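Chemist: Chain residues, written in single-letter form:
Protein chains: 2
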Amino acid sequence: MEINTLTSLKDKWIVFINDMQNQICKGLETEDGKAVFISDKWERPGGGGGDTRVIANGAVFEKGGVNTSVVYGEVTNLMRSQLKIEGSKWFACGLSLVMHPINPYVPTVHANWRYFELYDKEGSIIDRWFGGGADLTPYYLFEEDARHFHQTLKEGIDPFGKELYFAYKKNSDEYFSNTHRNNEMRGIGGVFYDYLRPKDEQDAEKLFRFQQANSHAFLKSYLPIVSKRKNNSYSEREIEWQEIRRGRYVEFNLIHDRGTIFGLKTNGRTESILMSLPPRVRWAYNYQPEVGSEEEKLLQFCLHPHDWI
Amino acid sequence: MEINTLTSLKDKWIVFINDMQNQICKGLETEDGKAVFISDKWERPGGGGGDTRVIANGAVFEKGGVNTSVVYGEVTNLMRSQLKIEGSKWFACGLSLVMHPINPYVPTVHANWRYFELYDKEGSIIDRWFGGGADLTPYYLFEEDARHFHQTLKEGIDPFGKELYFAYKKNSDEYFSNTHRNNEMRGIGGVFYDYLRPKDEQDAEKLFRFQQANSHAFLKSYLPIVSKRKNNSYSEREIEWQEIRRGRYVEFNLIHDRGTIFGLKTNGRTESILMSLPPRVRWAYNYQPEVGSEEEKLLQFCLHPHDWI
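Same order as they appear, the protein sequences are chains Y and E. Using numbering that gives the first Met the number 0, the first residue of the first sequence is number 0, and each one after it goes up by one. Using numbering that gives the first Met the number 0, the first residue of the second sequence is number 0, and each one after it goes up by one.
It cannot be assumed that every hint is accurate.
In this list, chains with the same sequence are indistinguishable; a pair is considered to hold if it fits within one copy or across any two.
In silico lysine-lysine, PhoX-like type, Cα no more than 25 Å apart, as pairs [claimed, not checked]:
hint, residue 1, residue 2
1, K264, K169
2, K25, K219
3, K296, K229
4, K264, K83
5, K227, K198
Derived from the structure by calculation, the hints contain no laboratory data. The structure displayed is predicted, hence computed values, not measured ones.
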């Protein structure tokens, strides 16, 4: 389907998201070279459904998912109180991905782009917004990789405003933070934005192109890092550290991530939501990396936001 | 210190809890035969502190903790809104334990006994209550073990009222439930009770003895099961299932457990709270045990509460 023949932003967004899912899955599969994504399509009882695409036991990726969903329904009291939204009906469509590589030298990555519409009783749009972002969770810190990731995201955003990357990078640092661990970040951040509301139709088109630019930047920001590190040799020591850090990933997602918690408490599709969790994870009491080690270096970079540009 | 020479319930409870911590650690160490508990004493900035005792890499227990804490402070707005409590100052003292065995045929166990006091501005007690319970999380179901666990807890409680076990067993079934997974229980339950408020001093003494009876039942309910199963042979298959089920344990604790969430959001001591998490954990997309397998049998028993008496 040609996007430009469609009239509503909503319809164009659905086509775009489905196309992006195919592109991203293909790019990741090619990088993996062994495993392929399996599609698990589902329907939502209250309206809509999704296409959960999962990959497991690849040459590079141990576990991951690139999911799309197009869902809609009545605004519930829970949504009114927790999401502070008004209106009668809602629509949401987005793509959400998390990839957990086997090799501890290859970072975990997460990205999400979404669009939301709210309607009054007559079905007229009363509110709409875009949200999204991408963030990187390395187990070992290569500063050049961190710079590449942030620089590439910035280049996608820059045409829309030179100040935007810095604002959305700050959001990301603040959001992906384990407040119960002295604000230790889940990784080294990226960009994160929400409630981007178009002022008019022209602005809506611009935000649509902004979302396209962000999602097109994704593979360029991540795949070169995977390529460069996927053949690094590692031992039990690096695996143990990877599993400990993955524990922090689980803690963030289950304790703090608004989307995860809201999804699980409102009867979302549990398996699609929890595809974000890593395959092997470890917890040890009061685990501390050796002073001066590469593990401690990573931890130091997670303890305070860092300027990567 | 002789408990009976102390006058306040609070002081007697503190002595009792510390003594119980020693007894339980000793019983578990003897069963393990290799590892010993390490004591990590800590102070709470707002008042009080605790003794976190952890064990790791034993012959039987892979990871576990038997923690006590005696904490107090000012009632905060967060406590008023989330815990619905009134008053000016509070005091809490309790023991909380979680043991994760290596062998997938030995169940994980959790128990907790606590006492809470609330004071007005003048320091007079305006409210006080006991809470607690114990519950079992097997990876493979031996019905005789489940019956032994529940029966032993019931025998501890029965002298205080023949109906109590059934009420507290029902609480446990309802509480330890992963509502985001169709109410699948974390394990096979046990007993759970909270807000047991004494009517008068005589009743307070009775509730104190009730807590003593419950905690004395703990080792008797659990150790014989450990003894019986700790030398069972197992393979990778059982380990994989154990790790998958441990994932559900993590989900319950981080998404639903009131104590964990409240502790983490109110600046509790993170490492002491999260000592409950298992050492090795696994997540796989939409994991389903084979129909008719021992793994599926366990799952079936977790899907619906079962009468073990």
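Chemist: Within, between, both or neither: how does the pair K25, K219 come out at a Cα-Cα threshold of 25 Å?
Modeler: within (13 Å within a copy, 57 Å between copies)
Chemist: Taking 25 Å as the upper bound on the Cα-Cα distance, should K227 and K198 be classified as within, between, both, or neither?
Modeler: Neither, since 42 Å and 69 Å both go past 25 Å.
Chemist: Is it within, between, both or neither when you check K296 against K229 at 25 Å Cα-Cα?
Modeler: For K296 and K229, only the intra-copy Cα distance (20 Å) is at most 25 Å; the inter-copy one is 40 Å.
Chemist: Up to 25 Å between alpha-carbons, please classify K264 paired with K83: within, between, both or neither.
Modeler: both (16 Å within a copy, 22 Å between copies)
Chemist: If the cut is 25 Å between Cα atoms, do K264 and K169 qualify within a copy, between copies, both or neither?
Modeler: For K264 and K169, the Cα distance is within 25 Å only across copies (22 Å; inside one copy 28 Å).
In terms of the numbered hints stated before, the structure departs from hint 5 and from no other.
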